[in-house]
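Student: Sequence:
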Amino acid sequence: MAGIVANTVPCLALALGLLVLAPVSSHAEEPSAAHEAPPAEKEKEKERNLFFWEGRVDWRLSHTVFLIADSDANPGNRYLLLPQHSSLTSLRAEIHAGIGSQWRFVLKPRLAVRVTQTSVDGVWQTEKTSFATEFLEAYAVWRITDFLSASYGLRHVWWSPAEALSPTNRLFHETHLVKSPTTLYRGRWLAHVTTSLRRNLTAEFMLETRPNGNIDTYAAGESFEQTGLVLLRYGFGAGSGSSHVGFVAGRGERSRPWVGEYVLWSLTDAFSVYADVSHTRGSRAWYPFEREGMLGFEQGRRHSQEVVTFAVAGMRHEVKDVVDARLEYIFNQAGYTHEEFQLAVRTVHEVAPEDPSVVDPYESPGLDVTGRAYLFLSLRIRGLGPPGKLLLHPRYVLSLTDSSGLALLGFEWQVTPTWTLFLFSGAAVGARDQDLTRGSRAHLQVVTKFSW
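Heads up: the sequence shown begins at 2 in our numbering, then just goes up one per residue.
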């Protein structure tokens, strides 16, 4: 949980105060689609005003129960200290403002209180309460010309056509495999320039200038490094962009460069195929080792000359407002083999009692997904129930490294235009201490969200 970011409190309070006082319409008050102005007309109307802004607020209450796995790497939950109960209340706002046609501002403040309770060796520990005050995003965009814009601030950027993850996006090491109603996507401090070279061709330049202290460390023991990338995107086919191909290249101050490519090809209005692939030399990840009777973790492949590929490829069938089905294959050449998984578990089991620091590289090895290969199936079924306000979202993740799996089921019910209920559950499948069975064996989350 992110700590309190003290210097954001006055700005956050002001932003929330302005938003609460604003005359923001609820969904019930929105005009029907038949009388609503087209998006382009809305933008022109905004540009005619010297200053404009709009926003929304949502309040979420959730409780999550976890069944912790019986693992040799975490006997009695002594080392990972995973919570069995977690209650959260959070207030989020999203504010969009602008000055004329050249300036846009985005603020996404968040206030949260979390209470967790953990059991160690069967004994319940004292409840822990944490408070978070932060901006998920806060940035300004300067539209210099019709074909050139620049922005700076806390910004979240995602360009992959895949749902599970984005191998070409080495700025945001995120996976959406187990995305829940309370999952957060935090921005990074980015200087971002976008230019339209032609109608279908755009180029983007990004530089992460400083760390966001609310984002967990990707690889244990590593400090922040400035990272930059360039992205080229070309749209083709009907609609000049419904299908597109992109190329990415980047590097960090200390990390080795990477290159990548991604493509989305819409074969029909309902069916598309896509891929997102990156390549680099070596790996910055932590790997378990055993030498001369000694166990530990090391970054032994950092200087390797081997070209390592990280990729996701998939297909999607979508019928608007009815069903959205995806099947994705993930290949992670830098991931652990089955033998490395077992050695990692044994290393923590034998070394952690004397040296607890060995847990850090086990928890944060510097890999988006820890195994070598996965299958990911995602299905969204909308419009269920008599009112047509129900959404069912089953998912399944299969590790091809050791055949362990993770079954997930999400349920969403829009009770009223401003009130939504969520139920999110998951269960790991497979023997103990495998890829997807080492942490939590099962979980159940209930969330209620109020939006204004």
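Don't read these hints as lab results, they were simulated from the structure. Think of the CB as a built atom: it goes at the ideal place given N, C-alpha and C, for glycine as much as any other residue. Possibly wrong hints are sitting among the right ones.
Said to hold, decoys possible - Restraint-style ranges between C-beta atoms, simulated for each label pair: (1) PRO387 - PHE132: 20 to 28 Å; (2) PHE132 - SER243: 38 to 46 Å; (3) PHE412 - ALA432: 25 to 33 Å; (4) ALA271 - THR176: 24 to 32 Å; (5) VAL121 - ASP59: 12 to 20 Å; (6) ARG433 - VAL121: 15 to 23 Å; (7) LEU401 - PRO258: 37 to 45 Å.
Student: Hint by hint, say whether it matches the structure.
Tutor: A quick look at each hint next to the structure:
1. PRO387 - PHE132: 20 to 28 Å: Violated - the Cβ-Cβ distance for PRO387 and PHE132, about 41 Å, lies outside 20 to 28 Å.
2. PHE132 - SER243: 38 to 46 Å: 44 Å Cβ-Cβ, so the 38 to 46 Å window holds.
3. PHE412 - ALA432: 25 to 33 Å: With a Cβ separation near 29 Å, PHE412 and ALA432 satisfy 25 to 33 Å, so the hint holds.
4. ALA271 - THR176: 24 to 32 Å: holds (26 Å)
5. VAL121 - ASP59: 12 to 20 Å: violated (35 Å)
6. ARG433 - VAL121: 15 to 23 Å: Once the Cβ atoms are compared, 19 Å apart, the range 15 to 23 Å for VAL121 and ARG433 holds.
7. LEU401 - PRO258: 37 to 45 Å: About 29 Å separates the Cβ atoms of LEU401 and PRO258, which means 37 to 45 Å is violated.
Comparing the model with each earlier hint shows violations of hints 1, 5 and 7; every other hint is respected.
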